[in-house]
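Trainee: What follows is each chain in one-letter form.
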Amino acid sequence: MMPALLGSMRALSFDPLAPSAALATADLLERLRQGDSRALGEVYDQNHQAVRAFAGRLLGDSSAAEDLVHEVFVALPRAAQRFRGDSSLRSFLIGIAIQHARHHVRSASRRRSALTRLSAEPERSVRSPEAAAAERGLLEAVQHALDELPLDQRVAFVLCDVEERSSVEAAELVRAPEATLRTRLFHARKKLRAALEKGGFR
Amino acid sequence: MSESDVLQRAAASLRAAHDGQREGSGFTRARILGTLAQRRRPRRWRWLVAAPFATLLLVGSAWAQSTGSWARVWQAVATVLPFIQPSSPPPRSNTAKRDNPPRSRAEPAETLPAAPAPVEPAPQAAPAPVTEPPATEPPVTELAPAAPGPPLHQPPTTTRAKTTARAARATAARPPPELPADPELSTFRTAHELHVQSQPRAAIDAYAAYLRAYPHGRFVPEARYNTALDWIKLGDTQAARKALEPFAEGAYDGYRQREAQQLLEALPR
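Residue numbers (this note's numbering), protein chains in the order written: chain A, 3 to 204; chain B, 923 to 1191.
Same shape as in the complex, but just chain A:
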């Protein structure tokens, strides 16, 4: 009980919460470990947006992202048993999402490919004068390009370039050395740039 409480207190150093909220967060974690569904609801309310944003950016598919969010929070009560407060609870949730992402990345990629094949729309012109249409085109292109990347490189790109996290924080989230993360990011950027330029984006 006590080490967990101290860990939770340490975790607050990452959070922009006031010190008075420290005990409340520690209590929330303890209730979460005991399987209190109201505690889970509170954690969801505080963090679902960040988790959903990360899931959407990683998967590029809203339905798949929603499934991943569901999976993350369902896994949380059990995963909270091993949470030692080395990072914030939000980062811990992102870490769970990364661990569960592999299956969802594949399914989202398959769904996107199927939709592209079945689409009756004519091929979008990436040189359309409308800015909105161009942005949509870029979004679709980058999502298809991300589907071609290995998961590790994909996660590195989303964490560092899309979510603008530092390489140190991203390395902690993926539980890999910072140098490894930087290498993954380098390869991801290189492949994505090549794919986008091949699609006509400059």
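Just so you know, the hints here were simulated from the structure itself, not pulled from any lab data.
Incorrect hints may appear among the rest.
[Stated by the list, open to error] Examples of chain A residues toward chain B, derived with CB under 10 Å:
no., residue
1, Gln51
2, Val53
3, Arg54
4, Ala55
5, Gly62
6, Glu68
7, Arg138
8, Phe159
9, Asp163
10, Arg167
11, Leu198
12, Glu199
[Unchecked claim] Residues of chain B placed beyond 10 Å of chain A at every Cβ, according to the derived structure:
no., residue
13, Val971
14, Ser988
15, Ala1131
16, Ala1135
17, Arg1163
18, Gln1183
19, Leu1189
None of these values were measured; they are calculated from a predicted model.
Beta carbons are placed, not taken as given, at the ideal position from N, Cα and C, and that holds for glycine.
Use these hints to put chain B onto chain A, whose structure you have.
Mentor: For chain B alone, coordinates are given in the frame of chain A:
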């Protein structure tokens, strides 16, 4: 990356497209809580089922222990579960001990057979071999320490007489078991009670009457063996020896053979 870099623009478009705000987030919240509640339900259900059974088992065990019927329960369980040894019941309660007092060491064949033993047809000269001796017959080796030397020629010692009398009183105090009318058993019981009450002469006569009436009866081996013991009590070693020899030679399928041999060795020639 420059401002106009394609990767930066791509990352920005991804960031803008997925900002985490969605109208269906409440639905996902309910779905998460529902999933967890559904996962917890079987565990709670298991407890709801197991708790009454566990309570029943505990209360039943306590009741059986307090009323002394634990041994019967154990026997019943042992018949159902083959890996339980019926010969090693759990410790009995005080009540159970009161109901079934331990037998005296010197008590020779005081109790009657609970159920008639199957007997094969017997020849005239030698009594029929018995396939299965009565379960309640005590081993005769208990008599062996008193056998050698003069005590065999004398009346039973005071201690022995006291013990036997106490056992006889206990037997008399015990209510007779409810058995259907059985003339053979009744005749044997008469002789057996005399034997238990240490009236060897009367017992010998009564056993002889039984053997005359039922030469192929169910209790022939017991009657003959107890007659031999009564001859020993009377000090008639010759008659005792004559009665014991068939047992020592295994004429009754080994019934009391070892005890008879030990007694024959101990008897003076």
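Trainee: All hints are to be evaluated individually against the structure, with a verdict given for each.
Mentor: Hint by hint, here is what the structure shows:
1. Gln51: Holds: closest Cβ of chain B sits about 4 Å from glutamine 51(A), inside 10 Å.
2. Val53: With Cβ-Cβ at 7 Å, under 10 Å, it holds.
3. Arg54: Given a least distance of 4 Å, the restraint on arginine 54(A) holds.
4. Ala55: 3 Å, holds
5. Gly62: 7 Å, holds
6. Glu68: Where the cut-off is 10 Å and the nearest Cβ of chain B is about 6 Å from glutamate 68(A), the hint holds.
7. Arg138: Since the shortest Cβ distance to chain B is 8 Å, the answer is holds.
8. Phe159: Result: holds, 8 Å to nearest chain B Cβ.
9. Asp163: 4 Å, holds
10. Arg167: Violated. Min distance 12 Å.
11. Leu198: Holds, about 5 Å.
12. Glu199: 7 Å, holds
13. Val971: Non-interface label on valine 971(B) holds, nearest chain A Cβ at 20 Å vs cutoff 10 Å.
14. Ser988: 40 Å, holds
15. Ala1131: 82 Å, holds
16. Ala1135: 80 Å, holds
17. Arg1163: 83 Å, holds
18. Gln1183: 73 Å, holds
19. Leu1189: 80 Å, holds
This entry does not satisfy hint 10, going by the numbered hints stated previously; all others are met.
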